[in-house]
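In this note's numbering, each residue carries its 1-based index in the sequence shown increased by 48.
Source of the hints: derived by calculation from the structure; they are not laboratory data. Just so you know, these numbers come straight off a predicted model, no measurement behind them. A virtual CB, placed ideally from N, CA and C, is assigned to each residue, including glycine. A few of these clues could be false.
[Said to hold, decoys possible] Simulated crosslink set (SDA-like; lysine to any residue; CA at most 25 Å straight-line):
1. Lys264 <-> Glu170
2. Lys209 <-> Glu294
3. Lys98 <-> Glu170
4. Lys166 <-> Asp186
5. Lys298 <-> His266
6. Lys93 <-> Glu202
7. Lys93 <-> Phe178
8. Lys256 <-> Ala165
9. Lys98 <-> Lys157
10. Lys157 <-> His222
11. Lys209 <-> Gln283
12. Lys166 <-> Arg285
13. Lys209 <-> Tyr177
14. Lys298 <-> Glu202
15. Lys209 <-> Glu199
16. Lys87 <-> Glu202
17. Lys256 <-> Glu202
18. Lys264 <-> Ile237
19. Lys257 <-> Asn198
20. Lys93 <-> Lys209
[Stated by the list, open to error] Here are the simulated distance ranges between beta carbons:
21. Leu265 <-> Ala191: 29 to 35 Å
22. Glu199 <-> Leu124: 19 to 25 Å
23. Lys298 <-> Ala195: 32 to 38 Å
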Amino acid sequence: MGPLDEYPPWVYELAYFSPAILFLIYFVYQRIAMSKWEKGIFPQKLGFNKNNLMKAYICLAARLIQVDREGAKEKLHYLHSHFNRYFEEEEYDIADALRFSSENPVRIKTGALWLNAKLSNEQRIQVLYFMVGLCFVDGSLNAREYALLNETVEILGISPKDYQSILSMYQQRHQRREEPQKQTRPSAIRLSSQILGVAESASLDEIKKAYRSMAKLHHPDLFATEGPEQQRIAQERFVEIQTAYEILEKRRLS
49 MGPLDEYPPW VYELAYFSPA ILFLIYFVYQ RIAMSKWEKG IFPQKLGFNK
99 NNLMKAYICL AARLIQVDRE GAKEKLHYLH SHFNRYFEEE EYDIADALRF
149 SSENPVRIKT GALWLNAKLS NEQRIQVLYF MVGLCFVDGS LNAREYALLN
199 ETVEILGISP KDYQSILSMY QQRHQRREEP QKQTRPSAIR LSSQILGVAE
249 SASLDEIKKA YRSMAKLHHP DLFATEGPEQ QRIAQERFVE IQTAYEILEK
299 RRLS
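All chains should be built: construct the whole structure from the sequences, respecting the hints.
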């Protein structure tokens, strides 16, 4: 009797049909996942990797563009620029993913729930920074965009202070780009105060204390072990924090 004759018949049958069984399991899994996408549900069991993180970003972006198509061309350019810059090492068909997400819009809640389960608080703040940036491509934030941002913030567990700070960062950046002469006017003081989370009447000591606190929490060095995309976003945000501090410091010293 040879060594293969020692196994019972069912072992050979299992070995013969295993590829078909595995293919069937994979096919069923894919259909279930596709069914969720088509129902507007971001699959919560989707594993965490950069490709799936990009899917989540794109799903949220597609919903924001849908509720405000003003400046859609510029927003698409922002998306391509963002992903090419922050996910440059990833091979991903952004145009195809956007098209699919537009045809099968995902409910913001399901995408945000997945992100909340997979990311740290600082990484979730990075997501919000991206979303607010997309909204401000056309220079404004309408009521429907604001409602979606509010829903996302609540699910991601981001504090109102951090949320307001990010909104003010983009308002200040837009103002600096479009209306630079306003940087010494009350609007610049108001936005800078909101970025640092201090009252407009705050003393220089209070401003310095708030700046040191934010610098400690958001310094780019904290992202030294993260991917280049997270490091670059952190650097951009830190520049806005520094700019806000300089505006308020200049006002107090003048």
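For each hint, the structure was consulted:
| no. | hint | in the structure |
| --- | --- | --- |
| 1 | Lys264 <-> Glu170 | holds (12 Å) |
| 2 | Lys209 <-> Glu294 | holds (20 Å) |
| 3 | Lys98 <-> Glu170 | holds (16 Å) |
| 4 | Lys166 <-> Asp186 | violated (30 Å) |
| 5 | Lys298 <-> His266 | holds (22 Å) |
| 6 | Lys93 <-> Glu202 | holds (21 Å) |
| 7 | Lys93 <-> Phe178 | holds (24 Å) |
| 8 | Lys256 <-> Ala165 | violated (34 Å) |
| 9 | Lys98 <-> Lys157 | holds (20 Å) |
| 10 | Lys157 <-> His222 | violated (28 Å) |
| 11 | Lys209 <-> Gln283 | holds (19 Å) |
| 12 | Lys166 <-> Arg285 | holds (22 Å) |
| 13 | Lys209 <-> Tyr177 | holds (13 Å) |
| 14 | Lys298 <-> Glu202 | violated (35 Å) |
| 15 | Lys209 <-> Glu199 | holds (15 Å) |
| 16 | Lys87 <-> Glu202 | holds (23 Å) |
| 17 | Lys256 <-> Glu202 | violated (29 Å) |
| 18 | Lys264 <-> Ile237 | holds (22 Å) |
| 19 | Lys257 <-> Asn198 | violated (28 Å) |
| 20 | Lys93 <-> Lys209 | violated (31 Å) |
| 21 | Leu265 <-> Ala191: 29 to 35 Å | holds (30 Å) |
| 22 | Glu199 <-> Leu124: 19 to 25 Å | holds (23 Å) |
| 23 | Lys298 <-> Ala195: 32 to 38 Å | holds (36 Å) |
Checked against the numbered hints given earlier, the structure breaks hints 4, 8, 10, 14, 17, 19 and 20 and satisfies all the rest.
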